[in-house]
Amino acid sequence: MASGFLHSKEAKVEQSVVSDPVVSDIDQGSLHYTVEGGDNSNKLTIQEASGAPVEHHSPLGYSVGWVTVIFLNLSMMVGTGVFSTPSAIVEGTGSIGLSLFYWVIGYIMSYSTLSVYLEFAAYFPSRSGSEVVYLEQSFPRPRYLFPTIFAIQTVLFSFSSSNAIVLAEYLFALAGTTPTAWQEKGVAVAAYTVAVLFVIFNTRGSLLLSNLIGVVKLLTLIFIGITGLVVLGGHTSVKNPTANFKNAFSGTSDATVYGATNALIDVVFSYQGFTNAFNVVNEVKNPIKTLRWSAPLSLTLTAVLYILANIAYFSVASKEEIIESEQIAAAVFFEKVFGSGGAAKALNFLICLSAFGNLVAVLIGQSRVLRECGRQGVLPWTTFWTSTRPFGTPLGPYLVKWALTIVMILAPPAGDAFDFIVDLSIYPGNIFSFILTVGLLITRRQRKRLNLGKAEYRCWDLAVGISLVTCTYMLILPWWPPTTGADGGDVTFWYATYCVTGLCILGVCVVYYYVWILVIPKWGKYQYRQTIIHGDDGSTAHRLVKIPNEEIDRWDEEHDAAGRVRQRTRASDSDGEVRKE
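Residue 1 is where the sequence shown starts when you use full-length UniProt numbering, and the numbers rise one by one after that.
You may find that some hints are simply not true.
Cβ pair distances, simulated, as ranges [what the hints assert, rightly or not]: (1) 384 with 27: 29 to 37 Å; (2) 521 with 501: 28 to 36 Å; (3) 414 with 511: 27 to 35 Å; (4) 483 with 57: 51 to 59 Å.
When the alpha-carbon atoms are kept at most 25 Å apart in a straight line, the in silico BS3-like pairs for lysine-lysine are as follows [unchecked claim]: (5) 43 with 454; (6) 43 with 448; (7) 546 with 525; (8) 522 with 289; (9) 319 with 246; (10) 246 with 336; (11) 345 with 43; (12) 185 with 345.
Derived from the structure by calculation, the hints contain no laboratory data. Keep in mind the model is a prediction, meaning the values are calculated, not measured. Cβ coordinates follow ideal geometry from the N, Cα and C atoms, glycine included.
Could you build the full structure based on these sequences and the hints that come with them?
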């Protein structure tokens, strides 16, 4: 059913239209689709009407170019992991050769998932928020189920306390002092507050800061990689730099299943962040044309530098030194090549900057995710989440992230409680990743039923298969018991408690949804309908409203499936004048 100003002087018709620039509506059974365009792309967004409306002009602007895409991803991927995890990965795999191969496997797994996101972005080129949008559109029924569950999870676990505390630890290491627990918490609070202040006042400025820190991260990894190659060439005082690469797979047979699988998890987590740019798709001009090469480039560049950095570490220290040293692998490398003292301080400074850049990149990406959850209408106080007043930034989401992070830094005591709370979001996140990949197959089928042509980008079926295998692996792996027993994980109680608790939280979200959407309205004799609200800043969002049962028919007659008020246009056959009612 098309919507628009369709009339002629001879016509005696009454046409329902909407005032927003919706090209057309498509009905398919109980599903209703809108076809809308955004200023960022000449491709139309065809989406189920229960989803948040397209913002035809982004209130956050269009400051994201290919450079920003690369560094948003790179800055979120490169935190402190590449400097610290190689020792754990070598220990888990048992050999230098297998640990290097794991980085390649992690790259292939990540690239496959990246391809899935690219295809989703091609379907919805004028929607930011990545997972929020893709889950919403893959599973539009039951109406608001996935938006509700994902929004609650996203808000609850939007804190970045562990990253802030890691930054505080390295700041104290840079100063050469050992802090008390509360000193460390205080510095973590201050560091995160500074990061929020850097992004809260100006969108373009926050993106520029992310780019600048990303450049420093890139140059740091390039420097480590080149230095490693120089060491391998025998041009330094390091003796026998190629020793680790002779019989590189020696010790692989000693690896346990638990150790090897956890090593792969460490690798996968080191690549996390390669989809960060998909959170700002509506701020990118010609998004698919830009993302289809810049997003894979950021991942590939990071993977190459990760592998070169590991080769550099292995060129200066034996396997035993890397595993047994109390220092991180990067510290061993700098000390072996440049000596202690100034080099160690330089390394700590670079790691601090890298950790701070990670906080900034996460803030930028997750603020858009929270904002998109708010635009769906399933969170209270819609305007708080969606408005970009007064600075042209997502102020509400930034404040929520800041408040939750501060609470999570200060409230839990160090040790089991803190580690457990940080781990809570991992398993639900793995579940959503699996569902998202399945959702791509469902979305393809939906578009085929609608007789829509191919999108601007379509990932290989092989990539979808690898992504499904990866997600399945990440769902099964956490249940594998550690070699030290059921209480031998990173906490002193049952190792899979966080998995069970995460599943219980998801279950509570489902129960809440059914009580909120079905049970209470039945008792109250009303139904939920959505309406569209427009902010002075150009923001657009859905708001759920309660409509008494006796007024439902009238409401549905006066509003389209997306919640827009219909306008009645009547063409007169006498003078050709079009009148609106």
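The hints, checked one at a time:
Against the hinted window of 29 to 37 Å, the Cβ-Cβ separation of residue 384 and residue 27 comes to about 33 Å, which satisfies the hint. The supplied range of 28 to 36 Å is met by residue 521 and residue 501, whose beta-carbon atoms lie about 30 Å from each other. Here the CB-CB span from residue 414 to residue 511 is close to 33 Å, well matched to the stated 27 to 35 Å. The given range of 51 to 59 Å is respected by residue 483 and residue 57, whose C-beta atoms sit roughly 56 Å from each other.
At roughly 12 Å between alpha-carbon atoms, residue 43 and residue 454 fall within 25 Å of each other, so this suggested pair holds. Note on residue 43 and residue 448: the hinted pairing holds, with a Cα-Cα distance of about 18 Å set against a maximum of 25 Å. A C-alpha spacing of about 10 Å is found between residue 546 and residue 525, which places the hinted pair at or below 25 Å, so the restraint holds. Our distance criterion of 25 Å between C-alpha atoms is broken by residue 522 and residue 289, whose separation comes to about 48 Å.
A hinted pair counts as satisfied when its Cα atoms are at most 25 Å apart, and residue 319 with residue 246 qualifies at roughly 12 Å. Between residue 246 and residue 336, the direct Cα distance comes to roughly 20 Å. Compliance with the 25 Å bound is thereby established for this hinted pair. Note on residue 345 and residue 43: the hinted pairing is violated, with a Cα-Cα distance of about 50 Å set against a maximum of 25 Å. Taking the CA atoms of residue 185 and residue 345, the gap is about 22 Å. The hint holds against a cut of 25 Å.
Taken one by one, the earlier hints fail for this structure at numbers 8, 11, listed in ascending order.
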